[in-house]
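Please arrange chain W on chain Z, whose structure you already have, making use of the hints.
There are 2 protein chains.
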Amino acid sequence: MEELEEIRYFFNEGYKEYRPNLTLDCAIFGYHEGELKLLLVKNKIITKWCLPGGYFKQTESLDDAAARITEERTGLKGLFLKQFKAFSKPGRNATQAWFDQDKFFELTGIKLISESWLSGETVSIGFYAITDIVNATPKGDFISSECRWFPVDDLPDLAFDHNEIAADALFSMRIDLYHFPIGKNLLQPKFTLKEIKTLYEVLSGKTLNATNFPNKLIALNLISKLDEKRKIGAHRSPTFYAFNDEVYEKALKEGLVLV
Amino acid sequence: MEELEEIRYFFNEGYKEYRPNLTLDCAIFGYHEGELKLLLVKNKIITKWCLPGGYFKQTESLDDAAARITEERTGLKGLFLKQFKAFSKPGRNATQAWFDQDKFFELTGIKLISESWLSGETVSIGFYAITDIVNATPKGDFISSECRWFPVDDLPDLAFDHNEIAADALFSMRIDLYHFPIGKNLLQPKFTLKEIKTLYEVLSGKTLNATNFPNKLIALNLISKLDEKRKIGAHRSPTFYAFNDEVYEKALKEGLVLV
Numbered sequence: 118m119e120e121l122e123e124i125r126y127f128f129n130e131g132y133k134e135y136r137p138n139l140t141l142d143c144a145i146f147g148y149h150e151g152e153l154k155l156l157l158v159k160n161k162i163i164t165k166w167c168l169p170g171g172y173f174k175q176t177e178s179l180d181d182a183a184a185r186i187t188e189e190r191t192g193l194k195g196l197f198l199k200q201f202k203a204f205s206k207p208g209r210n211a212t213q214a215w216f217d218q219d220k221f222f223e224l225t226g227i228k229l230i231s232e233s234w235l236s237g238e239t240v241s242i243g244f245y246a247i248t249d250i251v252n253a254t255p256k257g258d259f260i261s262s263e264c265r266w267f268p269v270d271d272l273p274d275l276a277f278d279h280n281e282i283a284a285d286a287l288f289s290m291r292i293d294l295y296h297f298p299i300g301k302n303l304l305q306p307k308f309t310l311k312e313i314k315t316l317y318e319v320l321s322g323k324t325l326n327a328t329n330f331p332n333k334l335i336a337l338n339l340i341s342k343l344d345e346k347r348k349i350g351a352h353r354s355p356t357f358y359a360f361n362d363e364v365y366e367k368a369l370k371e372g373l374v375l376v
Numbered sequence: 118m119e120e121l122e123e124i125r126y127f128f129n130e131g132y133k134e135y136r137p138n139l140t141l142d143c144a145i146f147g148y149h150e151g152e153l154k155l156l157l158v159k160n161k162i163i164t165k166w167c168l169p170g171g172y173f174k175q176t177e178s179l180d181d182a183a184a185r186i187t188e189e190r191t192g193l194k195g196l197f198l199k200q201f202k203a204f205s206k207p208g209r210n211a212t213q214a215w216f217d218q219d220k221f222f223e224l225t226g227i228k229l230i231s232e233s234w235l236s237g238e239t240v241s242i243g244f245y246a247i248t249d250i251v252n253a254t255p256k257g258d259f260i261s262s263e264c265r266w267f268p269v270d271d272l273p274d275l276a277f278d279h280n281e282i283a284a285d286a287l288f289s290m291r292i293d294l295y296h297f298p299i300g301k302n303l304l305q306p307k308f309t310l311k312e313i314k315t316l317y318e319v320l321s322g323k324t325l326n327a328t329n330f331p332n333k334l335i336a337l338n339l340i341s342k343l344d345e346k347r348k349i350g351a352h353r354s355p356t357f358y359a360f361n362d363e364v365y366e367k368a369l370k371e372g373l374v375l376v
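Those protein sequences? They're chains Z and W, same order as listed. If you number the first sequence the way our numbering does, the last residue is 376 and the count never jumps. If you number the second sequence the way our numbering does, the last residue is 376 and the count never jumps.
Since the hints were made in silico from the structure, they are not lab data. Be careful, since some hints might not be right.
Which copy? The list can't say, so a pair holds if one copy fits it or any two copies do.
[Said to hold, decoys possible] Here are the simulated DMTMM-like pairs of lysine to aspartate or glutamate, each with C-alpha atoms no more than 25 Å apart in a straight line:
| hint | residue 1 | residue 2 |
| --- | --- | --- |
| 1 | 206 | 189 |
| 2 | 367 | 278 |
| 3 | 133 | 238 |
| 4 | 165 | 363 |
Keep in mind it's a predicted model, so treat the numbers as computed, not measured.
Pulled out of the complex, with its shape left as it was, chain Z reads as follows:
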C-alpha cells in the first residue's frame, strides 16, 4: 500500500512540497522510422486520455520539473525539451474534475475536499519533448491506468484543454525546427542525408527537397560528411554524415535560421 500512502500524502499535504495552482503538461513526441507519435496517459478517475503532466516542486525550476516528469513517463534523461506556452483559460483546472467523484473515493479511500490546495484556477505551463520511440519505456503515474503512443494525426478526444495544448505543441515544435537543431538521440551518430531528411519531413509534416535541404544543413556547418559509406549494394552506398557537436550545442542556445 505504499502507493496509496503516496496518494494520500499528495492530496492532503502536497502543498508543502508543490506549487499550488500551477501545473505542467508535456507533449512528448515520439519519432521512429518515418512515424510521429504522441505519448498519452489514461486517467483512472475521469477515464479519458490526457497529456502527461504534474505539479512543480517549490524548489524546482520549470525546466527541472519538466525533465523530471518526462523522465518518469519515458525512462529517459536529456531529451530535447522546450517550454512553449502557458495555458490559463478560466475553468481549465484538471484536478478540479476529480473532486466529488465517488470513483476517486472508491479507488483511494480519500475524500477530496473542495478547499484543498488542489482546487481553484490553475495555469499550466506547456512543454514539448522529442524522443526516439524505441528508446522510451512508457510508464504511467499513480492516477493513470495506461500510458502509450498515438499517431499525432489520429489522437483521441483528450480531457480538459489537452487537445488544444497538443495542437499548440505541434505548431510550436514545427516553428522551432527552423531555429533550433534537432536530431541528436533521434538519429544514429552516423546517418545518411536521406535519414536526416526523413526525420525533418516527419517532424515538419512537409516534403523537403533532396538536394537543397541537406545543403542548408551543410552550409550552416551543422553536419559534416564522414569518410565512410553505408554498404547496401554495388550501386547504392550512401555517404555517412555526423553532427558537428560544437555548432549544434551553440545553435541550441543561440538559435539559427534554417531556411
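Leaving out everything else, chain W in the frame of chain Z:
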C-alpha cells in the same frame, strides 16, 4: 489618499482578486523612425528599473491580463502581444524584495508581513508587445516613480531577473518575425517598400536585401502594390503598398514562413 487605499487593499486583500505566486512581466518594444526602444518603470521601493508587470486576476486569462497591463502602461489597446516564456528560477520573487523594507513602510504606512499572499516563490509569464512610440503615453503604476523608453541596445542594470527576461523577449520576437506578420499600427496604412524594410531591419537587427525582402512579402501576398505614389521629387516617387487584411489576420493565427 485614494491611491494609498488601493495599495493597502492590494497588499492586505489582493489574494481575493489576484492569483498568488504568478506574475506577468512584459517587454514593451517601441518602434519609431529607425529606432527600437524598451519601456521601463523605476520601482520606488528598490529604486531600480524593471519591466512593467503585475498580477493576474483570478477571472482573467493570461492574454487578457497582458492586454490590461500593457494598456495601463501605454494607453493603447490592441497591441501586437505575445507570450514567449515563463520564468521560474527559485528565489526570483520580485515582490519578496519589498518585504522588511523600511522604505516601503515610510512610503505607504503599510507593514508587510512575510506570510502575506505576496511572499513565496513566484513564476512570471513573459510577454512582449510592439508599439509605435509616438502613439504610446507611458504611465507608471503606484509603485513606480518613472516610466520611460530606453534604447534596447543600451539598457540599464535591471532588477531581479529582468535583464534576462528582456533579452529573451528580444530573442523570441526576432524568431517570431519569420513566422508572424508585423507592421499594422507600426506603419501608416499606406507605406513604401523602403519603410517596411526599415521596420524589419530595426526589429530584426539585420540588414535586408532591398529587392529580395519585399519580394518575399509580395509572394506571400501579405502586401500589395497600390495605384498611388508618394511625391518626393521629379525623379523619386516610390509606390505605396498596403497590407492585405485577410492574409495578415490568417497568418497571425496560423503562422507563415518568411524566408
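Here is how each hint holds up against the structure:
1. When the C-alpha separation of residue 206 and residue 189 is checked against a cutoff of 25 Å, the pair qualifies only between copies, where the shortest distance is 22 Å, while the shortest distance within a copy is 27 Å.
2. Taking the closest pair of Cα atoms, residue 367 and residue 278 come within 25 Å of each other only across two copies (23 Å); inside a single copy the shortest separation is 35 Å, beyond that limit.
3. With identical chains, the CA atoms of residue 133 and residue 238 are at most 25 Å apart both within one copy (19 Å) and between copies (12 Å).
4. When the C-alpha separation of residue 165 and residue 363 is checked against a cutoff of 25 Å, the pair qualifies neither within a copy, at 43 Å, nor between copies, at 38 Å.
In summary, the one numbered hint that this structure violates is 4.
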